[in-house]
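A.B. asks: Single-letter residue listing:
Protein chains: 2
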Amino acid sequence: MIDKLIDRIKKTNAPIVVGLDPMMKFVPEHIREAAFKEYGETLEGAAEAIWQYNKGIIDAVYDLIPAVKPQIAMYEQFGIPGLSVFRRTVKYCKEKGLVVIGDVKRGDIGSTSEAYAAAHLGRVQVGGSVLSVFDEDFATVNPYLGSDGIKPFLKVCKEEKKGIFVLVKTSNPSSGELQDKPVDKKPVYELVGEQVAAWGEECMGSGSYSYVGAVVGATYPEQGKIMRKVMPKAFILVPGYGAQGGTGADLVHFFNEDGLGAIVNSSRGIIAAYQQDKYAGYGQQGYADAARAAVIAMREDINTSLAGRA
Amino acid sequence: MIDKLIDRIKKTNAPIVVGLDPMMKFVPEHIREAAFKEYGETLEGAAEAIWQYNKGIIDAVYDLIPAVKPQIAMYEQFGIPGLSVFRRTVKYCKEKGLVVIGDVKRGDIGSTSEAYAAAHLGRVQVGGSVLSVFDEDFATVNPYLGSDGIKPFLKVCKEEKKGIFVLVKTSNPSSGELQDKPVDKKPVYELVGEQVAAWGEECMGSGSYSYVGAVVGATYPEQGKIMRKVMPKAFILVPGYGAQGGTGADLVHFFNEDGLGAIVNSSRGIIAAYQQDKYAGYGQQGYADAARAAVIAMREDINTSLAGRA
Numbered sequence: 015m016i017d018k019l020i021d022r023i024k025k026t027n028a029p030i031v032v033g034l035d036p037m038m039k040f041v042p043e044h045i046r047e048a049a050f051k052e053y054g055e056t057l058e059g060a061a062e063a064i065w066q067y068n069k070g071i072i073d074a075v076y077d078l079i080p081a082v083k084p085q086i087a088m089y090e091q092f093g094i095p096g097l098s099v100f101r102r103t104v105k106y107c108k109e110k111g112l113v114v115i116g117d118v119k120r121g122d123i124g125s126t127s128e129a130y131a132a133a134h135l136g137r138v139q140v141g142g143s144v145l146s147v148f149d150e151d152f153a154t155v156n157p158y159l160g161s162d163g164i165k166p167f168l169k170v171c172k173e174e175k176k177g178i179f180v181l182v183k184t185s186n187p188s189s190g191e192l193q194d195k196p197v198d199k200k201p202v203y204e205l206v207g208e209q210v211a212a213w214g215e216e217c218m219g220s221g222s223y224s225y226v227g228a229v230v231g232a233t234y235p236e237q238g239k240i241m242r243k244v245m246p247k248a249f250i251l252v253p254g255y256g257a258q259g260g261t262g263a264d265l266v267h268f269f270n271e272d273g274l275g276a277i278v279n280s281s282r283g284i285i286a287a288y289q290q291d292k293y294a295g296y297g298q299q300g301y302a303d304a305a306r307a308a309v310i311a312m313r314e315d316i317n318t319s320l321a322g323r324a
Numbered sequence: 015m016i017d018k019l020i021d022r023i024k025k026t027n028a029p030i031v032v033g034l035d036p037m038m039k040f041v042p043e044h045i046r047e048a049a050f051k052e053y054g055e056t057l058e059g060a061a062e063a064i065w066q067y068n069k070g071i072i073d074a075v076y077d078l079i080p081a082v083k084p085q086i087a088m089y090e091q092f093g094i095p096g097l098s099v100f101r102r103t104v105k106y107c108k109e110k111g112l113v114v115i116g117d118v119k120r121g122d123i124g125s126t127s128e129a130y131a132a133a134h135l136g137r138v139q140v141g142g143s144v145l146s147v148f149d150e151d152f153a154t155v156n157p158y159l160g161s162d163g164i165k166p167f168l169k170v171c172k173e174e175k176k177g178i179f180v181l182v183k184t185s186n187p188s189s190g191e192l193q194d195k196p197v198d199k200k201p202v203y204e205l206v207g208e209q210v211a212a213w214g215e216e217c218m219g220s221g222s223y224s225y226v227g228a229v230v231g232a233t234y235p236e237q238g239k240i241m242r243k244v245m246p247k248a249f250i251l252v253p254g255y256g257a258q259g260g261t262g263a264d265l266v267h268f269f270n271e272d273g274l275g276a277i278v279n280s281s282r283g284i285i286a287a288y289q290q291d292k293y294a295g296y297g298q299q300g301y302a303d304a305a306r307a308a309v310i311a312m313r314e315d316i317n318t319s320l321a322g323r324a
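Taken in order, these protein sequences are the chains called A and B.
All residue numbers for the first sequence refer to the numbering used here, where the first residue is 15 and numbers rise by one.
All residue numbers for the second sequence refer to the numbering used here, where the first residue is 15 and numbers rise by one.
Fair warning: there could be bad hints in the mix.
For identical chains, the list gives no copy identity; a pair is met inside one copy or between any two copies.
Claimed, not checked - Below, simulated DSSO-like cross-link-like pairs (lysine-lysine); rule was C-alpha separation at most 27 Å, straight line:
hint, residue 1, residue 2
1, K110, K172
2, K172, K39
3, K239, K195
4, K243, K175
5, K169, K39
6, K108, K165
7, K105, K18
8, K110, K25
Just so you know, the hints here were simulated from the structure itself, not pulled from any lab data.
Note that the coordinates shown come from a computational prediction; the quantities given were computed from them, not determined experimentally.
Let the sequences and hints guide you as you build the complete structure.
C.D. replies: Okay, structure coming up:
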């Protein structure tokens with residue numbers, strides 16, 4: 015799957031992931047009203063609204079980008095109907111040829127991580143049947159429990175040709191409270207990054223990248239520069255561009271000399287672009303076209319920065 | 015909710031949580047067969063099997079114990095039907111008067127943790143409606159992202175009178191890879207424990223315990239002794255008893271002098287007791303009675319150890 019991701023990045027010339035994190039306040043009024051009219055102000059109504067909203071965005075941007083990253087929390091908050099839409103979104107994006115990164119941040123003791131890995135990347139056995147469940151292409155994984163929480167994911171990735179992104183240095187303001195703490199003069203995130211590099215050694219795609227990637231926030235470009243060297247073969251998933259404050263110039267350090275090695279996520283900066291002054295002309299009805307314009311602007315920002323680096 | 019938990023621990027004289035982690039290999043044949051006959055070897059069939067299995071256990075043990083801890087991964091692996099059974103299990107246990115600890119180990123950046131907190135402990139707004147979703151009483155939370163991943167949970171806990179258990183020192187063999195690393199001569203888990211104590215200061219129940227608890231594995235009794243002192247007002251959720259190797263004698267250090275402050279989880283040791291030699295006489299048909307016998311034995315083991323401590 016890392017090969018497919020790289021292939022699509024090259025074809026689209028856009029190392030971009032659109033974060034499908036549908037908060038209700040992003041959903042245009044006409045979509046919300048239609049959904050509530052059909053299903054009431056219920057979890058089903060909310061789920062229908064985010065599905066229609068997602069579909070509009072996917073249809074408008076799928077040809078421009080290699081991948082999407084649905085954040086499962088935004089679906090889980092609408093319960094069973096919401097999670098049904100998560101699954102439907104994954105399936106629809108895959109049908110459109112997109113690589114799907116499930117932003118699930120799961121991680122537990124070994125036997126439990128096995129169940130999560132089966133749910134999100136693998137398959138489960140039920141009697142004589144072997145069934146796919148949520149079936150994303152990649153999943154994000156939390157490293158706090160150590161390697162026996164990660165290894166079940168690696169096993170499934172090998173079997174199914176899928177991949178993971180391990181949280182290394184997250185984009186949020188308080189990520190340093192634990193992740194920056196010095197251990198033997200190195201910050202915790204660097205130790206985790208070294209583990210990512212080690213896990214990746216035995217999980218190589220057909221080129222020079224492994225399918226064990228890492229999450230490092232755009233909001234921490236200096237750390238990105240260090241981690242690029244610590245994990246030369248890991249793809250870095252970079253959240254925090256746009257709404258969280260990261261810019262194109264911050265991003266160049268996350269890429270290798272080959273112009274690859276990173277994929278930058280933007281969520282509300284794309285999917286709620288119509289709510290920004292810059293794209294207000296599109297209006298609520300034009301929210302999907304606004305998202306397309308925002309993807310094109312983001313692609314230019316990143317490519318200009320990459321072209322301009324020393 | 016911490017008050018209700020303490021009240022039920024006193025009434026049952028059993029600081030015990032039964033982990034409802036239904037793996038298919040634990041489910042007796044007659045239950046599996048009936049479910050597959052009705053729904054086929056599908057996710058629906060698997061979900062029906064684990065629901066019937068859970069219900070048998072809950073009915074057999076609810077009067078003996080204060081709380082249950084369903085591990086959501088075991089439901090998530092069966093997709094939407096599995097998660098529907100998770101929700102149904104939470105609801106059924108609450109109707110039986112049990113405190114429900116959702117073992118979800120969620121945690122993300124602030125806006126995303128808000129959605130998880132709403133999903134598991136709070137409510138979501140849909141138009142003019144305010145709706146409960148999974149609605150557990152407590153949830154387990156991962157601290158890797160720092161305090162802005164935790165604070166949305168604290169906010170919901172205050173509003174809804176609920177609680178969390180933050181992962182501090184987990185029970186699995188590799189937990190030390192990150193959690194034991196020394197920072198300023200203290201291990202990482204101790205730093206996290208200090209944060210738990212600080213968060214708990216502003217989240218006190220009516221007695222001497224806060225509703226911000228911690229997870230510390232029974233498999234690490236020495237660390238339990240230290241953490242008991244670092245977080246005197248935190249309830250400790252202790253996994254790892256039984257199948258993972260922890261014994262009653264290991265547990266005494268997790269409790270305060272008042273005999274409270276800890277609640278010990280056993281999952282397969284109870285719910286799959288009938289598969290142990292000791293309880294084999296119950297047979298598959300008697301799996302729920304075997305679970306009841308195992309709860310009674312666990313209660314005795316813990317209470318004997320507590321009575322015998324210096």
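A.B. asks: Each of the hints needs a verdict: does it hold here or not?
C.D. replies: Taking the hints in turn, this is what the structure says about them:
1. With identical chains, the CA atoms of K110 and K172 are at most 27 Å apart within one copy only, with a shortest distance of 24 Å there and 43 Å across copies.
2. Taking the shortest Cα distances, K172 and K39 sit within 27 Å of each other only across copies (24 Å), while inside one copy they are farther apart (39 Å).
3. For the homomeric pair K239 and K195, the shortest alpha-carbon distances inside one copy (18 Å) and between copies (24 Å) are both at most 27 Å.
4. Only within a single protomer do K243 and K175 lie at most 27 Å apart by alpha-carbon distance; the minimum there is 25 Å, versus 47 Å between protomers.
5. In this assembly of identical chains, K169 and K39 lie within 27 Å of each other by CA distance solely across copies; the values are 20 Å between and 39 Å within a copy.
6. Proximity of K108 and K165 under a CA criterion of 27 Å is satisfied intra-copy only: 26 Å inside one chain copy versus 35 Å between copies.
7. With identical chains, the CA atoms of K105 and K18 are at most 27 Å apart within one copy only, with a shortest distance of 17 Å there and 43 Å across copies.
8. Taking the shortest alpha-carbon separations for K110 and K25, only the intra-copy value of 15 Å comes in at or below 27 Å, while the best inter-copy value is 57 Å.
Checked against the numbered hints listed earlier, the structure breaks none of them; every hint is satisfied.
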